[in-house]
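Visitor: Chain by chain, the residues run as shown.
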Amino acid sequence: MAQQKSDKRAKAALAAEPIERHTIAVLVDNEPGVLARVIGLFSGRGYNIESLTVAQVEAAGNLSRITIVTSGTSMVVEQIKAQLGRLVPVHEVHDLTTQGAHIERDLALIRVINAGDKRIEALRIADVFRARAVDATVRSFVFEMTDSTDNIDRFVALMRELGKIEVVRSGVVAIAYGDGKN
Amino acid sequence: MAAEWMTGADVVLKALADQGVEVIFGYPGGAVLPLYDALYKQNSLRHILVRQEGGAVHAAEGYARSTGRVGVVLVTSGPGATNAVTGLTDALMDSIPVVCLTGQVPTHLIGNDAFQEADTVGITRPCTKHNYLVKRPEDLARVMHEAFYVARTGRPGPVVVDLPKDILQGLAPYVGLERAQHRSYNPVLKAAPRQIEEALELMLAAKKPILYTGGGVINSGPEASKLLTQLVQLSGFPITSTLMGLGAFPGTDPRFLGMLGMHGTYEANLAMHDCDVMVAIGARFDDRVTGKIAAFAPNAKKIQIDIDPSSINKNVRVDLGIVGDVKSVLADLLKLWKTRGKKPDPKALEAWWNEIERWRKRDCLRYRQGKDVIKPQYAIQRLYELTKDRKPFITTEVGQHQMWAAQFFKFESPNHWMTSGGLGTMGYGLPAAMGVQVAHPDALVIDVAGEASILMNIQEMSTIQQYRLPVKAFIVNNQWMGMVRQWQELLHGKRYAESYVEALPDFVKLAEAFGAVGLRAEKPSEVDDLIREMIAIPRAVLADIRVDPAENCFPMIPSGRAHNEMILGPEDKMGGTATEEGMVLV
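Protein chains in written order, with the working numbering: chain A, 610 to 791; chain B, 3 to 588.
In short, the hints are calculated from the structure, not lab data.
Some hints could be false.
What the hints assert, rightly or not - Pairs of lysine to aspartate or glutamate, EDC-like flavour, derived with a Cα cap of 20 Å: (1) B:LYS137 to A:ASP638; (2) A:LYS690 to B:ASP321; (3) B:LYS377 to B:ASP391; (4) B:LYS393 to B:GLU535; (5) B:LYS345 to B:GLU203; (6) B:LYS511 to B:GLU491; (7) B:LYS340 to B:GLU200; (8) B:LYS137 to A:GLU640; (9) B:LYS363 to B:ASP574.
Said to hold, decoys possible - Okay, the calculated bits of chain B under chain A, using three or more residues with CB under 8 Å as the criterion: (10) 335-345; (11) 440-447.
To be verified - Okay, the calculated beta carbon distance ranges per label pair: (12) A:LEU644 to B:LYS228: 37 to 47 Å; (13) B:GLU140 to A:ILE784: 31 to 41 Å; (14) A:GLU730 to B:LYS137: 49 to 59 Å.
Remember, it's a predicted structure, so these values are computed and weren't measured experimentally.
Glycine is no exception: its CB is placed at the ideal position from the N, C-alpha and C atoms.
Model the full assembly from the supplied sequences, consistent with the hints where possible.
Guide: Rendered as structure tokens:
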């Protein structure tokens with residue numbers, strides 16, 4: 610009986626652990642296979658990848674920066690960072706979410722096909738969201754928008770109501786505020 | 003610093019020599035012929051020709067674990083590399099330093115589905131600590147040295163170096179070991195003094211302490227085992243060990259509670275459950291040890307010392323995680339303790355030991371040996387008793403016999419016990435024993451095996467014959483896959499599917515076919531004589547010990563249960579102890 614009670618309490622404690630969204634920046638050697646290694650780590654251990662971007666950031670040092678948005682309980686997120694840290698080609702792991710406020714940007718290109726009033730409405734809304742029209746035909750627009758993920762999500766949802774859309778997203782890149790030394 | 007130019011194959015051999023490698027275990031093939039050509043022309047590096055590439059990796063593992071050095075493997079491309087995957091995964095799970103050189107098709111043919119081509123780097127990425135594909139001759143020497151650095155530094159592990167044939171055949175510059183510091187991989191070895199302070203405070207305040215030690219102590223080197231023994235002497239704390247950690251602390255010492263875990267002793271598991279301060283040293287809270295995590299050591303403050311930061315807080319939340327090399331952390335801890343001059347509460351410690359002695363009285367490892375049928379525990383216990391003066395090296399296969407060997411053998415020093423713990427690879431023991439014998443030609447090396455397991459790499463008996471290795475294979479033959487049968491009996495309503503080993507060979511005739519000696523015992527009275535004869539013969543021996551097929555391995559924590567809910571024997575009722583959740587776990 611006592612066993613069942615403590616089981617229930619333990620289960621409740623685990624269930625109550627909130628899922629947190631973390632943006633993690635990983636500095637790695639710019640070598641073939643490093644990205645495959647990081648992705649293999651996530652898929653092999655069942656971690657979640659909400660978005661992933663990678664690009665070379667320093668030619669002299671041969672470094673690339675991978676920005677991953679992941680989610681999990683705090684214990685899982687700690688594990689993810691530790692597992693990333695022990696990969697041989699990984700230089701640094703920064704959890705931008707725990708380090709505090711940071712700048713996050715996502716880039717989207719959205720094609721909208723519509724006509725008449727809806728076309729005008731699309732332009733007006735794009736104005737509000739500061740999305741630029743980078744292409745236009747008499748039947749369509751392509752909007753470019755660089756903003757937080759949430760704002761882009763809201764814009765895309767609105768465009769979806771106004772016509773047929775096609776969306777391309779880059780994924781999240783992020784950098785800390787200030788001089789980067791905390 | 004002008005580099006010396008030579009063929010890629012010569013660069014590889016020179017790098018191996020500079021890294022202090024004396025033996026490699028391998029099997030030739032088209033892609034590695036340049037390397038074998040270079041091997042032929044020299045005498046300093048010894049090559050052991052195995053009979054299947056998996057055997058080469060397990061042999062390198064046995065070599066590494068029994069010496070503390072890096073084991074080296076050489077296999078060809080395609081099927082050679084894929085055959086090595088099981089061994090590499092095994093080395094990764096048990097943190098064994100192995101460098102595996104794999105051949106590869108020439109660089110201009112990679113990706114063309116060429117003959118004996120496989121995406122070795124892609125296939126071995128998740129099952130190695132790190133891997134490399136050498137695409138340019140100027141990278142070859144650096145990669146070879148880096149591979150050894152990665153394999154042996156921090157938490158050891160297997161590293162694959164994929165070598166395309168044109169790189170081996172063409173010219174390449176040799177550079178030496180000078181570049182010792184790796185750009186990105188520099189594990190922390192020394193703990194912060196503040197953490198040592200905190201650990202000491204917790205340990206001094208303990209009323210029911212326990213030391214839970216694992217394979218990390220063995221990997222840290224013999225010094226770590228010595229320091230561990232000093233810590234036990236200074237503190238008076240009880241100590242238990244995982245399967246991988248056996249031998250770090252002398253097994254005959256009364257403060258050793260025996261192995262803990264799924265088939266650990268009653269006293270070890272109960273002490274782990276009831277303790278108030280648990281010091282985990284080089285152990286990773288594996289599921290075989292913890293049982294149901296929610297019910298694991300509910301009242302204990304946990305300290306975890308590990309060189310791998312990702313091991314801390316992975317399965318179990320600990321109160322104090324200390325990242326560092328075991329020997330360095332223990333040295334700091336002992337130094338601080340001695341200067342502090344305090345002792346933990348002696349009355350509480352005495353009461354705790356009294357409780358532990360009461361648990362010991364259950365004599366959880368007891369078994370009944372009659373006159374007619376050999377009990378497997380008896381065979382293994384007699385093997386221990388009659389060989390202990392020779393300080394044997396013991397390897398095992400996987401299953402019930404492995405658990406009994408861990409329970410009944412008492413190791414006085416580290417590096418004498420080689421077993422497949424994390425991956426549980428059947429077929430590990432015979433090639434591993436081969437590797438150990440190569441490292442220690444004059445020692446007594448015994449593979450404690452099951453009859454199902456030993457058939458998995460039986461072809462290595464030919465290697466054993468070629469190099470005149472006097473390995474003893476002690477086959478505990480119960481004609482079933484014992485551990486599988488036990489689970490089917492206790493958890494799957496005795497539905498014995500595919501666990502009976504049909505058409506077993508006559509092991510005595512099989513031994514003779516391989517040029518070894520075959521021995522058999524069928525009655526309890528024959529066991530001692532067989533063991534004495536086996537160890538007296540200066541040749542390889544296969545000993546077939548016919549044991550009771552119905553014997554189950556106890557104690558047992560059924561999967562899904564808490565670690566203090568053990569079944570102690572066939573009399574213990576199984577009813578209601580196997581939950582649906584439990585059955586789903588391995």
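Visitor: Look at each hint and say if it fits the structure.
Guide: Status of the hints after comparison with the structure:
| no. | hint | in the structure |
| --- | --- | --- |
| 1 | B:LYS137 to A:ASP638 | holds (16 Å) |
| 2 | A:LYS690 to B:ASP321 | holds (19 Å) |
| 3 | B:LYS377 to B:ASP391 | violated (23 Å) |
| 4 | B:LYS393 to B:GLU535 | holds (17 Å) |
| 5 | B:LYS345 to B:GLU203 | holds (11 Å) |
| 6 | B:LYS511 to B:GLU491 | violated (32 Å) |
| 7 | B:LYS340 to B:GLU200 | holds (15 Å) |
| 8 | B:LYS137 to A:GLU640 | holds (12 Å) |
| 9 | B:LYS363 to B:ASP574 | holds (17 Å) |
| 10 | 335-345 | violated (count 0) |
| 11 | 440-447 | violated (count 0) |
| 12 | A:LEU644 to B:LYS228: 37 to 47 Å | holds (44 Å) |
| 13 | B:GLU140 to A:ILE784: 31 to 41 Å | holds (35 Å) |
| 14 | A:GLU730 to B:LYS137: 49 to 59 Å | holds (55 Å) |
This entry does not satisfy hints 3, 6, 10, 11, going by the numbered hints stated previously.
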